[in-house]
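As given, the protein sequences belong to chains V and A, one line each in that order. Residue 36 in full-length UniProt numbering sits at position 36 of the first sequence; the count goes up by one each step and never skips. Residue 160 in full-length UniProt numbering sits at position 160 of the second sequence; the count goes up by one each step and never skips.
Please keep in mind that the hints were generated in silico from the structure rather than gathered at the bench. Be aware that a few hints might be false.
As a list, the in silico SDA-like pairs of lysine to any residue whose alpha-carbon atoms are at most 25 Å apart [what the hints assert, rightly or not]: (1) A:K282 <-> V:P188; (2) A:K307 <-> A:L144; (3) V:K111 <-> A:Q58; (4) V:K110 <-> A:P72.
Simulated restraints, written as ranges between beta carbons of each label pair [claimed, not checked]: (5) V:A284 <-> A:V10: 33 to 43 Å; (6) A:G146 <-> V:P69: 19 to 29 Å; (7) V:A133 <-> A:Q369: 40 to 50 Å.
Stretches of chain A that chain V covers, calculated by requiring three or more beta carbons in the stretch to come under 8 Å of a beta carbon on chain V [to be verified]: (8) 62-70; (9) 190-202; (10) 279-293; (11) 351-362.
Predicted, not measured: the structure shown is a model, and the values here were computed from it. Glycine included, every Cβ here is placed at the ideal spot set by N, Cα and C.
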Amino acid sequence: MASAMLSFASAPASLSVHENLKGKAKIGSANFRSSVPERNPFAKTKHFGRVSMSVAVNVSRFEGITMAPPDPILGVSEAFKADTDERKLNLGVGAYRTEELQPYVLKVVKKAENLMLERGENKEYLPIEGLVAFNKATAELLFGADNPVIKQQRVATVQGLSGTGSLRLAAALIERYFPGAKVLISSPTWGNHKNIFNDARVPWSEYRYYDPKTVGLDFEGMIADIKDAPEGSFILLHGCAHNPTGIDPTPEQWEKIADVIQKKNHIPFFDVAYQGFASGSLDADAGSVRLFAARGMELLVAQSYSKNLGLYAERIGAINVVCSTADAATRVKSQLKRLARPMYSNPPVHGAKIVANIVSDPALFNEWKAEMEMMAGRIKNVRQKLYDSLSAKDKSGKDWSFILKQIGMFSFTGLSKTQSENMTNKWHVYMTKDGRISLAGLNLAKCEDLADAIVDSYHNVS
Amino acid sequence: MADSVFHHVVRAPEDPILGVTVAYNKDTSPNKLNLGVGAYRTEEGKPLVLSVVRQAEQSLVNDPSRVKEYLPIIGLAEFNKLSAKLICGADSPAIQENRVTTVQCLSGTGSLRVGGEFLARHYHERTIYIPQPTWGNHPKVFTLAGLSVKYYRYYDPATRGLDFQGLLEDLGSAPSGAVVLLHACAHNPTGVDPTVEQWEQIRQLMRSKQLLPFFDSAYQGFASGSLDADAQSVRMFVADGGECLVAQSYAKNMGLYGERVGALSIVCKTSDVAGKVESQLKLVIRPMYSNPPLHGASIVATILRDKDMYNEWTIELKAMADRIISMRHQLFEALKTRGTPGDWSHIIKQIGMFTFTGLNSEQVAFMRQEYHIYMTSDGRISMAGLSSRTVPHLADAIHAAVTRAS
Chain V
1 MASAMLSFAS APASLSVHEN LKGKAKIGSA NFRSSVPERN PFAKTKHFGR VSMSVAVNVS
61 RFEGITMAPP DPILGVSEAF KADTDERKLN LGVGAYRTEE LQPYVLKVVK KAENLMLERG
121 ENKEYLPIEG LVAFNKATAE LLFGADNPVI KQQRVATVQG LSGTGSLRLA AALIERYFPG
181 AKVLISSPTW GNHKNIFNDA RVPWSEYRYY DPKTVGLDFE GMIADIKDAP EGSFILLHGC
241 AHNPTGIDPT PEQWEKIADV IQKKNHIPFF DVAYQGFASG SLDADAGSVR LFAARGMELL
301 VAQSYSKNLG LYAERIGAIN VVCSTADAAT RVKSQLKRLA RPMYSNPPVH GAKIVANIVS
361 DPALFNEWKA EMEMMAGRIK NVRQKLYDSL SAKDKSGKDW SFILKQIGMF SFTGLSKTQS
421 ENMTNKWHVY MTKDGRISLA GLNLAKCEDL ADAIVDSYHN VS
Chain A
1 MADSVFHHVV RAPEDPILGV TVAYNKDTSP NKLNLGVGAY RTEEGKPLVL SVVRQAEQSL
61 VNDPSRVKEY LPIIGLAEFN KLSAKLICGA DSPAIQENRV TTVQCLSGTG SLRVGGEFLA
121 RHYHERTIYI PQPTWGNHPK VFTLAGLSVK YYRYYDPATR GLDFQGLLED LGSAPSGAVV
181 LLHACAHNPT GVDPTVEQWE QIRQLMRSKQ LLPFFDSAYQ GFASGSLDAD AQSVRMFVAD
241 GGECLVAQSY AKNMGLYGER VGALSIVCKT SDVAGKVESQ LKLVIRPMYS NPPLHGASIV
301 ATILRDKDMY NEWTIELKAM ADRIISMRHQ LFEALKTRGT PGDWSHIIKQ IGMFTFTGLN
361 SEQVAFMRQE YHIYMTSDGR ISMAGLSSRT VPHLADAIHA AVTRAS
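Isolated chain V (complex conformation) (with noise of 0.2 Å):
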């Protein structure tokens, strides 16, 4: 069907037969094969050229579209909703659950939300960066107050869609002024990210990251295909937490992760979708970056409160561009507004608010970092306990204490398609295919259960 639906698409041979059936009666698109039942009078008929016949449109012009399949992260939610198996568990998508397997609304939100309505604030439009006091908070937050960068005024920062959103400003502006530069990113990577760079045409190719033989960081092969990449690339860097690994480098290794970047005069692009939530500490996560600016060097961080602050669904972020002089801040940042307005004009108040006044009050400040030191702390030991299980029940002796070494929300098991696919199947244990658990959905009670699971989608299945 693939060539009908090209055929379609292109329009010059459909079109010049459709100047061919002036004056008879027309149908709307004459050069591909209908797949409708029953309704359309012509189903029964394949039609690759001209078609001739006496009544207007019945057809529908979207006729040969076909059905996309569902998105595989997050598929993985809708699969696991409709499975009615009581033990089911789901470690797809990377959402906070308490010890209790519910969602997580944070107090401090909810303080901000009700402050928020208690002053009766106006629902007028952003201006099309963003609330300007969020701007200033994330920009703060992710490089600290004091850094130069930010007295310097070095920084455009402009509100998005959460890092979604933010990566696609970010995309949106390298193909218009470095056509033609790649983005480089690691295997494997957050699956939406190549969809983010094809579809604003950024060329993107990978970079090794994740080592199976060592459930680890292929460092050596990393820097390689970092210092193999043409001149003025784009590096796409996790700023911690690596999703869907949850392998970090360490500082020693960002370090020369920096030097290569440095001498090939490539460009670090951070993704920022974890501040907090690894470590527990908002300053410690963000090493990465902050070590990338004191080098004094150019880059792009996009930044994420859908975990650290529980707002997934306000969509709520930024795209941070550091420049080395503040006019070129200032000219890099009306050109990212101006790909966001014929996207959507201006971003969504609500999650900017709600993070301007948790940051901007410091006992709102100290109540968020209390709560993300909580889930942070509370994903620490699951990782704990789940290793602990592991070791007691897997006899073969195989070291799982990658488990431990990992960050974040997720770990990569190690399990390859068809045993993730086990783990669903028999186990009712939902995951994405590449292997990725969130352990944001596990709880300790359930630890046990998910190390049989494992264990025997390990060894029992090739």
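Given chain V, work out where chain A should sit, using these hints.
The following block gives chain A in isolation, referenced to the frame of chain V:
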């Protein structure tokens, strides 16, 4: 230190519409008046949050069971259903037959962009015809979506009304299958709408040429005060069984501007097609922002599903529309009183938030300099930004501009 990698990035000019407010904010004159962006103001010149919206928000915040989990890619299901009903009519056969796919988007702009991207990927005609003039952001939205933009005649400066002949000619000579952008009501920036009879002629012409309608509905209920009347153009096209796209915005009619709430509906021939179309819309949305924001859509769903709140909303909506109509009459009278040269009846004939004054860019600049009145350079003023108190100042400025400036 090495030169910036961004050294070649030039400074972009301010957005022509939103830039008006930027300039207004910088002005220190106590008499300044912002008639730029289309955001409703009360008689006291203040932004308005509808009382029914506050109610809805309070109930959301008070509900302990509410969570902030990711919405599905296509947004809040209940919101989508209710939005489709609002624009198509609750008893629309298209809805009953499951032929409409509706996806939550970021207000009107986001709905137009997602629809445009979808058409650029899956529709065989990649040209969209937009009216001359139209909202300043339209050409950019569609161009970046991957469509090529052409214009059809719309506004007649001689009559300050609709160039209906020109419209029919231009649509009549468009290639078969081309996409045509239609303002459902309260055309922006002119305020000039086709009559019902003219809409019927447009519909027949478009259907005979298989032109694909893409409605921009940003003012349902806000134009005439009646939700049904303002949806009539869309419903005519949906009722004939054909296909169309509709972008809806709740920015103005629910005053939810900054929450970015809207919806894109695609009315298809069959429910099977609608299902496939929906799946492809997800592929457009996911790499753009993954899933839409929750807050605004929840407010809308809360109001639309509750009979009492819905009724309250219609009352508040009519009050806004009535206040704007009254500003039109006041301005018209004020110009008459001053004996301002020219025919100003278009002020009361045009509908919706905006008036296309017919002032040229020199006159607009004059009014900004001498009278601190801010509007877009095409002479469009937002009636929603006027009050009884400020009408005289505006009338004075127009009078001066017309008699003194070219």
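The hints, checked one at a time:
Annotation: proposed proximity of K282 of chain A to P188 of chain V holds, straight-line Cα distance about 23 Å (limit 25 Å). With a CA separation close to 40 Å, the supplied pair K307 of chain A and L144 of chain A exceeds the 25 Å bound. Between K111 of chain V and Q58 of chain A, the direct Cα distance comes to roughly 13 Å. Compliance with the 25 Å bound is thereby established for this hinted pair. Taking the CA atoms of K110 of chain V and P72 of chain A, the gap is near 23 Å; set against the 25 Å cutoff, the hint holds.
Restraint check, A284 of chain V to V10 of chain A: a C-beta distance of roughly 38 Å satisfies the suggested window 33 to 43 Å. Range check, G146 of chain A to P69 of chain V: about 22 Å between beta-carbon atoms, so the 19 to 29 Å window is met. A hinted range of 40 to 50 Å is violated for the C-beta pair A133 of chain V and Q369 of chain A, which are about 32 Å apart. Residues of the segment 62-70 of chain A lying with their CB closer than 8 Å to a CB of chain V number 5, which satisfies the three-residue condition for coverage.
Counting residues of the segment 190-202 of chain A whose C-beta lies closer than 8 Å to any C-beta of chain V gives 0; at least three are required, and the coverage claim is violated. A count of 13 residues in the segment 279-293 of chain A with a Cβ less than 8 Å from any Cβ of chain V is obtained; the coverage claim is therefore met, three being the minimum. Coverage of the segment 351-362 of chain A by chain V is violated in this model, with 0 residues showing a Cβ closer than 8 Å to a Cβ of that chain against a need of three.
Hints 2, 7, 9 and 11 from the earlier list are contradicted by this structure; the remaining hints agree with it.
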